[in-house]
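Number of protein chains: 2
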Amino acid sequence: MDVEQRQRHGRVRRLPRDVRERQILDAAVRVFSAHGYHNASMDEISEVAGVSKPMIYAYLGSKEDLFGACIRREATRLLEAVTAGIRVELGPDMQLWHGLRAFFRFVGEHRESWRVLHRQATSQGGPFSDEVVAMRARAIALVDALLVRTATKRGLDEQATRATEALAAALVGSAESLADWWLDHPDITDKMLASWLMNLVWMGFGDLVEGTQWIPSAE
Amino acid sequence: MDVEQRQRHGRVRRLPRDVRERQILDAAVRVFSAHGYHNASMDEISEVAGVSKPMIYAYLGSKEDLFGACIRREATRLLEAVTAGIRVELGPDMQLWHGLRAFFRFVGEHRESWRVLHRQATSQGGPFSDEVVAMRARAIALVDALLVRTATKRGLDEQATRATEALAAALVGSAESLADWWLDHPDITDKMLASWLMNLVWMGFGDLVEGTQWIPSAE
DNA sequence: CCTCCTGCCTACTGACGAGTAAGGCTACGT
DNA sequence: ACGTAGCCTTACTCGTCAGTAGGCAGGAGG
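Heads up: the protein sequence lines correspond to chains H and E, in order.
Here our numbering runs 1 ahead of the position in the first sequence, where the first position is 1.
Here our numbering runs 1 ahead of the position in the second sequence, where the first position is 1.
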């Protein structure tokens, strides 16, 4: 009977709620990632999820709610991956280094998540952008904290500390942009990316051009 | 008679084509900037432009065409502003400095243009993104050329030159991100932004934290 | 064996918005 | 005076979804 129904509908039927929710979210991420928020239809998501449309509304709410849920889940995963990668006991440069590596590794392994987070979500002027803006702010705050710690550890000068938040924003943006660039140059390793960016922001062009290089102290 | 008609419709009637086209493009940029591509309706654009909808179709074509035209116009303005700001006779650091200043000045003076270019256009997976991707590629190429010139002027090492394009992408991204950050911190001057970013990418955190600073050589 | 709860579906509605048909008005050339 | 070209409008069509109404099935508890 169960088998019969699977054949009739090509679907597994009568699964517990949390399993269905995960399936739906997975499908939603894929579809949003592929077509963007507006061009993604609930019908397609339901089809990919192997579930009928009313189920989505019953479990995850409106399209906007669904999108928000996707963003929250993927952003949380990303932030967790990055924070997990950081070694707090090391110096600031090594912390940044490991954070960048974790970031690029995550993007490499979850391209769809990244597309949803970066491309789709940033753009839509709607209420969901709140979700992303908040997550992005958390990322910037993370970097900012690192910069502030670094600056205060040594004798900080007032000018520099006022700029840390802006610098953090710039750094996050450069990493995002580099991740996007990566999508068109897949033959690069995540380690190379992290290394380039590290040299750029830690050493600067000035040093770089003169041959000075930053190299991770103990791999 | 003319006055009567203005009162009746609240509109100036019977204007030459190129004037109307400009009005329509201006309105489109404002509406796209405010609501994003998908949430912007042709009806609203026509209303803001003070023109009926069929005029838009007659002059600028479909919604997609219209959006493309907006992007092209605004992106061209931006690139022209930046290239006009660059002083080719100066050293590479000063060139970057002036380029950055011109960029932030433009963004400050044309926030709506910037929103359309950066937020809306990057996101939509549609065919118009081609327009933006192309323009962004031109911007990256511009920076890349500067880096390559700088690297080859001194003794370049192979590793570094392979990375220039990526670094250019990162730099462009950081400038974009900083411009976005600026929207939430309007009490900052464009000069400060340019200076911070310049210090970040030219000197790096390493130097910055030790008190070394980059300062424009002759203002 | 009944019944009720819950997972699940088919089949709709209703709105919104892109794009168009068809024609009116005016200025200018002849 | 009379076309004719080009500016401009009102008032539609029609497709596409988001969201919903209402009902079927299968298992648990009486």
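For the record, the hints were derived by calculation from the structure and aren't laboratory data.
Among these hints, one or two may not hold up.
A pair holds if it fits inside one copy or across any two, identical chains being indistinguishable in the list.
To be verified - No more than 25 Å apart at the CA atoms, straight line, and that leaves these computed lysine to aspartate or glutamate pairs for DMTMM-like:
no.	residue 1	residue 2
1	K54	E65
2	K54	D19
3	K64	E90
4	K154	E110
5	K64	E45
6	K54	D208
7	K154	E45
8	K192	D131
Status of each hint after checking the structure:
1. For the identical chains of this complex, K54 and E65 are intra-copy neighbours only, at 14 Å inside a copy versus 29 Å across copies, given an alpha-carbon limit of 25 Å.
2. With identical chains, the CA atoms of K54 and D19 are at most 25 Å apart within one copy only, with a shortest distance of 16 Å there and 48 Å across copies.
3. In the homo-oligomer, the alpha carbons of K64 and E90 never lie at most 25 Å apart, since the shortest distance is 43 Å inside one protomer and 55 Å across protomers.
4. Taking the closest pair of Cα atoms, K154 and E110 never come within 25 Å of each other, the shortest separation being 35 Å inside a single copy and 38 Å across copies.
5. For the homomeric pair K64 and E45, the shortest alpha-carbon distances inside one copy (12 Å) and between copies (24 Å) are both at most 25 Å.
6. For the homomeric pair K54 and D208, neither the shortest alpha-carbon distance inside one copy (57 Å) nor that between copies (57 Å) is at most 25 Å.
7. Taking identical chains as interchangeable, the C-alpha atoms of K154 and E45 are never at most 25 Å apart, the minima being 53 Å within one chain and 54 Å between chains.
8. Taking the closest pair of Cα atoms, K192 and D131 never come within 25 Å of each other, the shortest separation being 32 Å inside a single copy and 29 Å across copies.
Checked against the numbered hints given earlier, the structure breaks hints 3, 4, 6, 7 and 8 and satisfies all the rest.
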